[in-house]
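Chemist: Here is how the chains run, residue by residue.
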Amino acid sequence: MNEGSSALALVLSGDPALYAIVRLSLVVSLSAVGLAALVGLPLGGLIALTRFPGRAGVIVLLNAFMGLPPVVVGLAVFLLLSRSGPLGSWGLLFTPTAMVIAQAVLITPIIAALTRQTVEDYWSDYRDELNAMGVGPLQRLMTLLYDARIALVTVLLAGFGRAAAEVGAVMIVGGNINGFTRVMTTAIALETSKGDLPLAMGLGLILIAIVFAINASAWALRFYAERRIG
Amino acid sequence: MSDLPITLSNVSYRVGETSILRDVNLVVRTGGPTFVVGPNGSGKSTFLRLAMGLIEPTTGTIDWAGSRDPAPRRRAMVFQQPVMLRRSVMGNLLYALEQAGVEKSLRHRHCEELLQKVGLSDLADRPARRLSGGERQKLAFARALARSPEVLILDEPTASLDPSATFALERLIAQAASEGIKILMASHDLGQVRRLAGDVVFLHRGQILESAPVQDFLAQPRTAQASAFLRGDLIMED
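These protein sequence lines map, in sequence, to chains A and B.
So the first sequence is numbered by the working numbering: it starts at 375 and just counts up by one.
So the second sequence is numbered by the working numbering: it starts at 1059 and just counts up by one.
So that you can see chain A by itself, here it is in the shape it has in the complex (with noise of 0.2 Å):
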């Protein structure tokens, strides 16, 4: 109960290197969710639009990589990225931009899979009405992701979720270095095993409030929205 009390004093400090902490985790994880979007949304709609031998295998395999262990994509991310790696020239492990890399490769999938299911639900029921106004192909993919918006923000969420939970990635291409590849996840981690439990819980109450008030403002947004828009 004492290191509870001492955890929420901690936060309530407002301590710099606290602080720094949790600004690095809300940057990599929001950028990992930009650059997955960005992959993902159009991949899964295009998927979800498309027929192509192999289309049910592909789908099975983006459903599946939903599950990566994220330490399995952080080796994954670190063999590319060390110095006799692949793109071990960019110089880019132990780096924040290594550790945007890893969680984006991790969630991905999960935008691509979720956004597939999302557009080919609007398909079927949008089909005939697009067809019947002679909507050509690339149109139709940007109209159901923009009629999809406020179900796609969902989608979103989820892959935040997921990238701002993990450890194992960011651990293990970031490095997990004081005050430049440090995030929560790691930081608890590291705290808990150093017998810091004051500062782990205090990361731990932090982390949970995020997640919390991010999933909050999208409810409420989508719950706008959808009176808004239907």
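Just to be clear, a hint being listed does not mean it is correct.
Said to hold, decoys possible - Here are the simulated distance ranges between beta carbons:
(1) B:Gly1090 / A:Ala438: 22 to 32 Å
(2) B:Ala1129 / A:Met516: 16 to 26 Å
(3) B:Gly1191 / A:Gly510: 42 to 52 Å
(4) B:Ser1222 / A:Leu435: 36 to 46 Å
(5) A:Leu400 / B:Lys1175: 28 to 38 Å
(6) B:Met1059 / A:Leu435: 38 to 48 Å
(7) B:His1166 / A:Asn552: 34 to 44 Å
(8) B:Ser1179 / A:Trp593: 27 to 37 Å
It should be emphasised that the hints constitute simulated quantities derived from the structure, not laboratory data.
Source: prediction; values computed, not measured.
Ideal placement from N, C-alpha and C gives every residue a C-beta, glycine not left out.
Mind docking chain B on chain A? Use the hints.
Modeler: Okay, now just chain B, sitting in the frame of chain A:
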């Protein structure tokens, strides 16, 4: 570019083993409204979807002014349950105008004219999915007019509307017909057929049993099935 006449030659449509339409031959030409009538399950919707080019016949051919390309040029469709895009009323219309290839600078003016025409000007900013059933059909109708169609295909557009909304939509349909738009419409409401139709195609269990001017069809049906339908008997599908 034209979409008329629409010619269906020996058209059949099957889903698995079930035959929905059999050996349909019909030419839809310029002229008064053509009404497709018949009991539920007679194949009216399938017939219209084929004529619109939304589905392909299992056997037989359909052409639009001689072209076999099903992409709609000068035709538009209003469905029984139209899908409203998740945008405002005006957003829906602007979208339809854009898809119809109307130049951007002209879209807003067209949009206002169409809203005026169907009586939705006051609801321009309302989310389309918040409209009542009658208002949705008016918007769907305006969206169809946005394509400045030569043929307008309507699949029982008033089937789930109350009498006043039905009346409003019928007036719009009559007006479109008087402006020279060919109407091809399904209905099982004989009063509506009497009020709007020029000629009638009677479908029964996937086959065209009669095709005649509306007065002839109503006064002297040539088949027992049509007589029964006109008397209001329930024609059972077996």
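Chemist: With reference to the structure, classify each hint as holding or not holding.
Modeler: To see whether the hints hold, each was checked on the structure:
1. Roughly 59 Å separates the CB atoms of glycine 1090 of chain B and alanine 438 of chain A, a value that falls outside the hinted 22 to 32 Å.
2. Distance hint for alanine 1129 of chain B and methionine 516 of chain A: a CB-CB separation of about 18 Å, consistent with the stated range 16 to 26 Å.
3. A C-beta distance of roughly 30 Å is found between glycine 1191 of chain B and glycine 510 of chain A, which places it outside the suggested range of 42 to 52 Å.
4. Distance hint check for serine 1222 of chain B and leucine 435 of chain A: the Cβ-Cβ separation is about 54 Å, which falls outside the suggested range of 36 to 46 Å.
5. A hinted range of 28 to 38 Å is violated for the C-beta pair leucine 400 of chain A and lysine 1175 of chain B, which are about 51 Å apart.
6. Restraint check, methionine 1059 of chain B to leucine 435 of chain A: a C-beta distance of roughly 44 Å satisfies the suggested window 38 to 48 Å.
7. Between histidine 1166 of chain B and asparagine 552 of chain A, the C-beta spacing of about 58 Å breaks the proposed range 34 to 44 Å.
8. Judged by the Cβ atoms, the range 27 to 37 Å given for serine 1179 of chain B and tryptophan 593 of chain A holds: they are separated by roughly 35 Å.
Checked against the numbered hints given earlier, this structure breaks hints 1, 3, 4, 5, 7; the rest are met.
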